[in-house]
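What follows is each chain in one-letter form.
4 protein chains.
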Amino acid sequence: MSLPAEFHEIAERVNNWGRWGADDETGTLNLITDAVVREAAATVRSGLRVPLALPLGPDGVQSGLVPGRINPVHTMVQINQELFGPGTVATSDDMAVLSLQTATHWDALSHVSHSGRLYNGRPADTITPHEGARFGGIDKVAHVVSRGVLLDVARAHNTDRLPGGHAVTPEDLEAAEELAGVRVRAGDIVLVRTGQMRVLLAGDRNAYAHPSPGLSVRTPEWFRARDVAAVANDTLTFEIFPPEIDDLWLGVHALDLVEMGMLQGQNWNLEELSTVCAQERRYAFLLSATPEPFTGATGAPVAPVAVL
Amino acid sequence: MSLPAEFHEIAERVNNWGRWGADDETGTLNLITDAVVREAAATVRSGLRVPLALPLGPDGVQSGLVPGRINPVHTMVQINQELFGPGTVATSDDMAVLSLQTATHWDALSHVSHSGRLYNGRPADTITPHEGARFGGIDKVAHVVSRGVLLDVARAHNTDRLPGGHAVTPEDLEAAEELAGVRVRAGDIVLVRTGQMRVLLAGDRNAYAHPSPGLSVRTPEWFRARDVAAVANDTLTFEIFPPEIDDLWLGVHALDLVEMGMLQGQNWNLEELSTVCAQERRYAFLLSATPEPFTGATGAPVAPVAVL
Amino acid sequence: MSLPAEFHEIAERVNNWGRWGADDETGTLNLITDAVVREAAATVRSGLRVPLALPLGPDGVQSGLVPGRINPVHTMVQINQELFGPGTVATSDDMAVLSLQTATHWDALSHVSHSGRLYNGRPADTITPHEGARFGGIDKVAHVVSRGVLLDVARAHNTDRLPGGHAVTPEDLEAAEELAGVRVRAGDIVLVRTGQMRVLLAGDRNAYAHPSPGLSVRTPEWFRARDVAAVANDTLTFEIFPPEIDDLWLGVHALDLVEMGMLQGQNWNLEELSTVCAQERRYAFLLSATPEPFTGATGAPVAPVAVL
Amino acid sequence: MSLPAEFHEIAERVNNWGRWGADDETGTLNLITDAVVREAAATVRSGLRVPLALPLGPDGVQSGLVPGRINPVHTMVQINQELFGPGTVATSDDMAVLSLQTATHWDALSHVSHSGRLYNGRPADTITPHEGARFGGIDKVAHVVSRGVLLDVARAHNTDRLPGGHAVTPEDLEAAEELAGVRVRAGDIVLVRTGQMRVLLAGDRNAYAHPSPGLSVRTPEWFRARDVAAVANDTLTFEIFPPEIDDLWLGVHALDLVEMGMLQGQNWNLEELSTVCAQERRYAFLLSATPEPFTGATGAPVAPVAVL
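Chains as they are written, first to last, in numbering that gives the first Met the number 0: chain F, 0 to 307; chain A, 0 to 307; chain C, 0 to 307; chain D, 0 to 307.
Where hints are given, some of them may not hold.
What follows is a set of in silico ranges between Cβ atoms, one per label pair, in the way DEER data are often shown [stated by the list, open to error]:
| hint | chain 1 | residue 1 | chain 2 | residue 2 | range |
| --- | --- | --- | --- | --- | --- |
| 1 | F | Leu-82 | D | Pro-169 | 49 to 55 Å |
| 2 | C | Glu-271 | D | Arg-133 | 54 to 60 Å |
| 3 | C | Ala-206 | D | Arg-133 | 25 to 31 Å |
| 4 | A | Glu-5 | C | Arg-116 | 38 to 44 Å |
| 5 | D | Ala-201 | A | His-209 | 44 to 50 Å |
| 6 | F | Ser-114 | D | Gly-120 | 26 to 32 Å |
| 7 | A | Asp-58 | D | Thr-32 | 15 to 21 Å |
| 8 | C | Leu-200 | D | Asp-22 | 22 to 28 Å |
| 9 | D | His-7 | A | Gly-84 | 36 to 42 Å |
| 10 | A | Thr-32 | D | Pro-85 | 37 to 43 Å |
The set of hints was computed from the structure by calculation and includes no laboratory data.
Source: prediction; values computed, not measured.
Quick reminder that beta carbons are idealized off the backbone N, C-alpha and C, glycines included.
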């Protein structure tokens with residue numbers, strides 16, 4: 000089995016290898032310039048902050064569908080321990096075990112490979128159990144702060160939630176752009192709302208996982224045309240799942256991460272943000288979403304906040 | 000053994016129990032109003048972003064000094080796994096085990112108790128192995144975005160690093176305020192630089208741990224007078240260690256977390272920020288520092304970013 | 000709510016507190032004398048070895064029913080790593096995260112308390128997050144080798160598996176003893192087969208968990224009369240679940256572990272052993288079942304082997 | 000760099016590939032026949048049991064020398080939790096994180112490869128992060144019970160502990176055999192005592208790790224000649240470390256595991272056994288040492304017991 004011709008055609012059009020130098024490990028994040036950040040800060044008007052992360056707890060996203068991914072396990076290693084003797088100040092300490100892609104997270108560029116290659120043409124076997132991802136790890140991402148734009152595709156469709164079989168197309172993105180009254184531009188981080196998160200919040204992990212609406216394999220070209228810095232959405236799989244093209248599993252992942260070098264975010268809770276943006280009639284904001292810098296990791300949890 | 004009289008006198012002066020209602024779990028974070036955030040966003044001029052987190056890797060802060068705390072262990076659960084058959088798109092997944100206070104982190108209000116009480120007078124035994132901290136857990140902190148102010152005490156002392164025995168006093172904070180040309184005000188997050196981080200960055204975990212400069216037991220009153228929202232610094236112990244008063248171990252922790260209800264941050268890398276602030280001659284900035292929302296946790300990793 | 004009168008009456012009859020001294024932490028394991036072990040070794044005739052442990056893997060017993068218990072997560076930290084340079088000998092290393100009661104295990108005496116007390120009257124609060132069980136931890140069990148006797152209750156009932164609502168009574172044990180042609184005596188380790196394990200091996204974790212046949216609250220007196228050293232069976236809950244007496248949850252646990260100080264084993268796979276014993280017409284054997292000595296643990300995995 | 004000629008010469012002489020069929024995954028454990036086990040049981044005379052495992056706790060063997068190996072971390076996930084309401088029976092549950100080779104353990108045959116090959120000629124890349132060792136994993140070892148023979152090389156040298164630079168040779172093994180008054184034969188498990196464990200028990204992890212006495216690269220031929228089933232000793236590195244031949248790191252590992260297919264055990268505490276054997280003047284016993292069956296693992300903890 001190999002990837003279909005259609006994949007390779009799109010890949011050629013969106014490819015960014017070498018664009019920021021042969022040694023670049025952060026891809027489209029290079030598009031977030033100081034000027035972009037200045038303008039992002041200037042979008043703040045009300046000072047409202049909207050958190051976008053799911054809780055990191057035992058009742059998380061993972062249902063066993065993705066092999067090896069577990070919900071976070073949290074345990075106490077000390078509880079009110081009077082380390083310096085009875086009657087002294089007492090401390091509590093915790094430990095956690097978690098899959099780094101378990102809940103609200105960024106995929107690092109190294110999270111996906113195809114045909115033996117990572118972003119920028121690096122060999123996939125630079126990932127080892129011993130050191131993790133030596134190239135394109137999440138630790139290479141120093142900070143993620145930019146203008147965020149909510150493309151509320153569900154709302155543009157006058158629905159709470161797109162149906163499971165809905166592939167979000169460039170036309171959908173433009174309809175949401177029109178609703179937002181904002182044109183997506185270079186360096187923006189785009190948050191695409193499908194409403195699928197409502198299924199998880201209602202307590203059904205399995206139905207949340209799939210069938211899931213998600214990005215169409217046609218969207219990478221749109222993101223490339225606009226020179227978006229990163230894209231996140233409110234689904235487990237990011238792209239429509241099962242896929243729209245037979246035998247092209249995870250095609251969007253491969254185009255975004257490997258070909259374009261564009262960070263992808265998954266399991267972002269965009270419900271409150273959707274309400275606030277609709278109320279304030281503003282869909283652009285300062286977005287702060289720096290991942291935890293796990294050394295050599297191919298993804299990491301993030302606690303994103305939109306500041307309006 | 001019990002806490003010395005001096006502790007109880009200060010405690011009475013800084014106590015915030017009931018100030019934001021009997022059920023409040025976030026303490027001085029209530030001081031970060033929308034107006035404070037609007038003003039914080041308005042401090043952004045250059046668009047420069049400075050990350051403040053240490054890497055989450057095996058060569059971390061922990062040396063075995065704090066019982067039960069381990070450096071993060073990162074492993075790969077999948078490497079370039081072609082989940083949908085040979086020749087398909089391949090994914091890599093990771094897992095991590097970590098103490099939640101292992102590296103750059105916020106202490107939750109529940110991290111410390113004394114005399115059987117947590118912040119707002121809640122019983123310390125509301126923390127259980129089963130559920131963690133039911134009151135004052137880090138998951139109650141939805142977002143931490145405010146104006147940050149760097150109080151560069153080391154630079155105000157014309158040194159790279161304060162000596163191990165140096166207790167940072169209110170006078171030190173005011174000298175640094177003068178250097179900064181900024182007056183700390185309600186809702187600010189104060190970052191206190193001692194330079195101790197240079198010891199860790201030079202590779203000596205043990206010397207970093209102690210003896211360590213750190214905040215004096217006299218500082219909580221200063222933070223209370225200014226109504227600071229949170230304080231972080233560049234040491235393992237936050238407060239001077241060993242302590243300045245015999246038999247008062249972790250006194251600053253107890254005053255800040257239990258009495259005032261003020262978040263504390265530790266192991267923040269303020270070295271690059273110190274350089275940038277000095278170059279730009281600006282010590283106030285937008286600070287984004289939302290902790291990972293581990294359910295029931297008494298602390299959590301954070302990847303803070305200063306936006307100048 | 001408190002424990003019913005019936006519980007306290009049985010408790011009084013089976014109680015072993017003080018029997019082996021006020022400081023004893025191993026209870027009925029004291030009954031395994033050198034003489035018992037010599038006789039156990041003398042039961043070996045064919046040299047056949049039958050393993051009784053379930054695999055420690057992701058497809059394990061845990062279904063989410065018991066809060067906080069996870070199936071083992073196994074990851075590779077090194078794969079064929081040539082630590083001393085290219086072309087040298089390569090090594091692979093693994094890490095695992097597991098609940099200590101996840102699969103085939105022994106409960107330590109400290110696993111259960113009631114009315115604030117552990118075995119031998121020790122206070123339950125001697126278990127702390129910091130040190131685990133300071134009294135009655137599994138690390139106090141140096142070795143578990145004795146004569147094992149299979150009481151194949153399912154076979155004695157001419158069935159593959161007792162129904163979910165079947166409480167195994169002393170009469171059932173004696174019927175199985177008759178089938179075995181062996182009289183259970185002091186120091187023996189009794190393995191009680193219900194056949195419930197067949198449900199798990201057929202792939203249904205939830206049906207395995209409950210409703211489950213298991214030991215009746217009447218059995219502790221029988222075990223006490225015979226002075227059994229330990230008892231294990233092939234269910235998740237050990238005792239019948241839901242319980243036979245309203246409002247007496249985990250009553251057998253409390254009687255066996257707290258009152259008698261008798262180790263309990265769960266999730267033991269007795270299917271192959273049942274077949275071999277029936278074929279050889281011998282139900283007594285040398286049993287080697289020493290738990291992994293986790294410091295301060297209230298239970299531990301064990302890989303038991305019957306030698307016939 | 001490649002392996003020296005001397006290595007390949009010995010490899011040819013000890014190689015067991017194909018000896019038990021092309022699909023065999025357990026190597027010399029095949030030599031433990033029912034007859035061997037019957038004779039092992041017949042060695043039991045006093046009924047004394049001697050445990051050989053180190054505690055699995057935070058003060059373990061690991062010092063940071065072996066990358067990625069950590070001492071076990073134990074935490075409580077429930078403490079005296081009254082799951083069915085106040086006043087009901089309470090339970091405590093634990094979790095552990097551990098490197099599988101952290102303390103007293105068996106190396107699985109898949110633990111080591113050289114020249115891209117595992118035991119029986121299988122490709123080394125059958126080990127994946129996703130599934131672990133598909134060939135030669137510790138889960139393929141159903142049971143390890145046989146005759147054990149203590150070869151107390153330290154005692155034969157009239158010393159408590161061999162010096163760090165001492166390579167244990169076939170001549171040393173034969174001297175210890177003479178002291179033992181036992182001839183090692185097919186199917187035996189040999190325990191080689193160097194006394195190095197005394198360094199660890201005295202509290203010095205670093206000195207325990209290296210320089211360490213250990214098996215010479217000349218011993219595999221001796222073990223092959225005697226058709227030993229498995230070998231364990233009381234050191235971290237098993238073989239002398241640093242190695243006796245320049246540029247032959249882990250040569251004994253490669254010969255034992257890859258070429259012969261013989262299990263190796265490390266960090267076994269043979270101190271009490273040494274005393275007991277000397278007192279009883281018996282060095283052969285029943286040894287029960289079945290590893291925990293972690294699926295796909297390249298090693299696993301074991302709690303061995305010698306029964307005399």
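(request) Would you pick out the hints that fail for this structure and give their numbers low to high? (result) Hints 2, 5, 7 not satisfied by this model.
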